[in-house]
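Note that the protein sequences, when read in sequence, are chains D and B.
This note's numbering puts the first residue of the first sequence at 1, with every later residue one more than the last.
This note's numbering puts the first residue of the second sequence at 1001, with every later residue one more than the last.
I should point out that these hints are in silico values taken from the structure, not numbers from a laboratory.
Check the hints yourself; a few may be wrong.
[As the list claims (entries may be wrong)] Under the rule of at most 25 Å between Cα atoms (straight-line distance), these lysine-lysine pairs were calculated in the BS3-like manner: (1) Lys462/D / Lys1072/B; (2) Lys62/D / Lys173/D; (3) Lys1428/B / Lys1462/B; (4) Lys1062/B / Lys1173/B; (5) Lys72/D / Lys1173/B; (6) Lys1173/B / Lys390/D; (7) Lys428/D / Lys390/D.
Each chain is listed here by its residues.
2 protein chains.
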Amino acid sequence: MAHQAHYPEHAGRNGKAHTLRMRRMGIDTYLEPVIYMRADCHICRSEGFEALARVEVWRDHKHIVATLNVVKAPLLEEDEAGLSEAAWRALGGANGDRIKVFHPAPIQSFSHVRAKMFGHPITMAGANEIMHDIVGGHYSDIEMAAFIAACAGNRMDVEETTAFTQAMINVGKRLHWGSQPVVDKHCVGGLPGNRTTLIVVPIVAACGLTIPKTSSRAITSPAGSADTMETLAPVDLDIAQIRRVVEREHGCIAWGGAVNLSPADDILIRVERPLGLDSDGQMVASVLSKKIAAGSTAALIDIPVGTTAKVRSREAAQELSARLITVGHSLGIHLETVITDGSQPVGRGIGPALEAMDVLAVLQNASEAAESLRERALMLAGRVLEMGGKAEAGKGMERARTVLSSGMAWSKFQAICEAQGGMRVPPKAAHTHVIVARHRGKVAEIDNRRLARIAKLAGAPKAHAAGLVLHAPLDSVAEIGQPLFTIHAESPGELAYARTYAEAQEDVILLLER
Amino acid sequence: MAHQAHYPEHAGRNGKAHTLRMRRMGIDTYLEPVIYMRADCHICRSEGFEALARVEVWRDHKHIVATLNVVKAPLLEEDEAGLSEAAWRALGGANGDRIKVFHPAPIQSFSHVRAKMFGHPITMAGANEIMHDIVGGHYSDIEMAAFIAACAGNRMDVEETTAFTQAMINVGKRLHWGSQPVVDKHCVGGLPGNRTTLIVVPIVAACGLTIPKTSSRAITSPAGSADTMETLAPVDLDIAQIRRVVEREHGCIAWGGAVNLSPADDILIRVERPLGLDSDGQMVASVLSKKIAAGSTAALIDIPVGTTAKVRSREAAQELSARLITVGHSLGIHLETVITDGSQPVGRGIGPALEAMDVLAVLQNASEAAESLRERALMLAGRVLEMGGKAEAGKGMERARTVLSSGMAWSKFQAICEAQGGMRVPPKAAHTHVIVARHRGKVAEIDNRRLARIAKLAGAPKAHAAGLVLHAPLDSVAEIGQPLFTIHAESPGELAYARTYAEAQEDVILLLER
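Isolated chain D (complex conformation) (with noise of 0.2 Å):
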């Protein structure tokens, strides 16, 4: 967020009147950069500044776009400005050092998002100016909330997507590949414990085919598949590892965050997680902008769907399907999509570890391996091996299943741990709490929704051991009394508050008399 630039053309005029000297305030406000100034200081009195100004904080040749909190009382004295933890990392700097402040430039690229709350699709050179402001950290939270919203839903096209896509892609990293093809898988999630990735990349690296995955942390679901990895081994790789890695053993599986290949994506995150949103469109250039960048040449794209996943109806992931394809194609990326089962969680743990525990089953053959997520796991590493050129059509799934029965995806999957790190033991939780029957019948129906967001009260992504493990998976019959799930929590009050809405949906998992 912080940039080599010039100072302002303003700034000249009155560089001493804009000094006040920097102190570490040690507030966390997360990301947004904070500056904390007395109400009576020079600077906002004679520039007009008022609580909630956005302001434009300078050190050396370094420079921020910080939120101002008017400060009344002696916290400050009245040469001083305190920085937040966020705004004081993007500084550098020690207390003390000279910094100034001054008005920010409007943001010229906000007219975009408001045109297109009228109507008006964004453009190609719009896309750009926005990227470039949201990267250069000159959006505030509520000018990035607008413009999500403003292209939530159904409202981006597929050029607005090409070119959004094409925009991430613009203000970030890429990697090259000396040699082709470079695969990748992406799940567009929704769905709770479908932790494939895990088992597809030791499968296909084991093949030989170079498959550089790198993963999302969670944004609405309990647990992203780079959160699932990070119990069993590192995930911060920067570029430099993440080449060793892939060298080494054609494969990894890397937070994406980590290494900025779509820095604008990871920004927007912060935002989109609170508020639980992520749109088609902004799937699309979120998933394609990391693939890009990544390097990758092809990618299947796993699209689950069921009336509590992410994508509903059967319309509207063809939908999703042919706008992934025609943006990926547009933008020089095969993909092909494979439509799922999205009607109850894929495996049987839900949260990091304990969807790493499911994971560590199926690549060890243990005889109590969820058989669901073993299967999907084998027809996605069958049609990326396909897609790969290392089996013929209608034949991948059969040499993936060999590669994991054999135990080299197993082998694989330790020697990518080891590369990235070292293997690690998933973390258990120190509260849990069953939730049972209140009365006999079958499992009609399973909202994942709720079961994720019982999971995410629990505690999971943040805490690693939180979530639930579901022990009643649909058509099977519970008698009265009988566990349904088990939530995990790092916390008694975690778990205090994901029993209490647990209990409050006795529907969450549906049991019909008949």
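Please arrange chain B on chain D, whose structure you already have, making use of the hints.
Frame of chain D, contents of chain B only:
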């Protein structure tokens, strides 16, 4: 934002463990309440709270939802929680009082906002839930920004607008007047210097009609009527004071926000303002909720049209007009609209005090008074007199002119100012800069939006004396070096900022050479 209510269900369980001592931090975060807690305090640890979490804070039986900032340094004792000014005001109490901090209940109503982004209209029940939660302080700023953007532009239909208007009325107070009709006038805004309200109200009141006018402060403009009136008399009247003024003088010009007539609107404006958004549906809901809550039975709505006004075409004006009338009818208020010329500012001044000077000149029948402002105000006052039965159809304007030229309107205005707390002299800016013509030409176009922006950069509306005075109306001829407009600012920083922008926008007043 604080409520009398019971502790949340889960609060009882673990009461003592959730207690901290409150401390006023003296940090002004504007209206968003912020709580500062140490990362290592027992609540953050047991509840798993992290920076930016939304938390419920209780003192006795008052509670608020606040945004958490985590504090690392020795800013706080381990058992203390700091409160921003907004949180401090809402909770009441003194340093050292015990407060309790919990996870907030999930905001159920946000699912309606999410659904809206996918094209599902919001129902009456949904609108009620959203407004209830907004007024309850449960929406964070980014959630409000997303809600506003989801409904912005042309995305609300008549039924949704009606539902939102009714919902906004439901969560506020409502005035009742003994006699009928109770009239009102309103301008949808977007045209700088269109300060007719301060002329219409005294004319109408002088004729004996009841006109309890509550005005907004500026949203996207450099001055609202309340901002302008405030330079001439107090506008922060409570309901009892409004009643007293209107009973004595038949009319008032008060700030609506002070009487909480539409508290939801006041909260939304706080986020709409920095976003520069003010959409059709929300405009209708905002205007009508205030008129109806103020007890009006009939209202005239002025809709200025111009390519750079808020409403850009006659078609758009007719659409807005139809929506206002339809929604008004279904909510039991008689509306008429008048579509006016919005191609240039109506008066000469732009900014609270500068617009007040224009108003005074008209009321005092001064020879230098702006004719355009006077004629527009007389036309509007005439229509209101006709709607209120004080003039025959077509005779209202004549009657209004008599009341103005006789000095009755000026007397009434002074009486209203006295009744509101005493008349004031508008402030004058300490710093001015004249922008001159760089070549000879005839004024062919005036960009209202950019003019408004210059006035805002100069500090309007917060700095009352700030803004600009236009010297070159449409069709006038300017010689090289002749003043086009004068920027007024209260601080050198703001003057420099407005001037830098103005100088880069030569065509804001377009001079054509022939």
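Which hints from the list above does the structure break, by number from lowest to highest?
-> 5, 6 and 7
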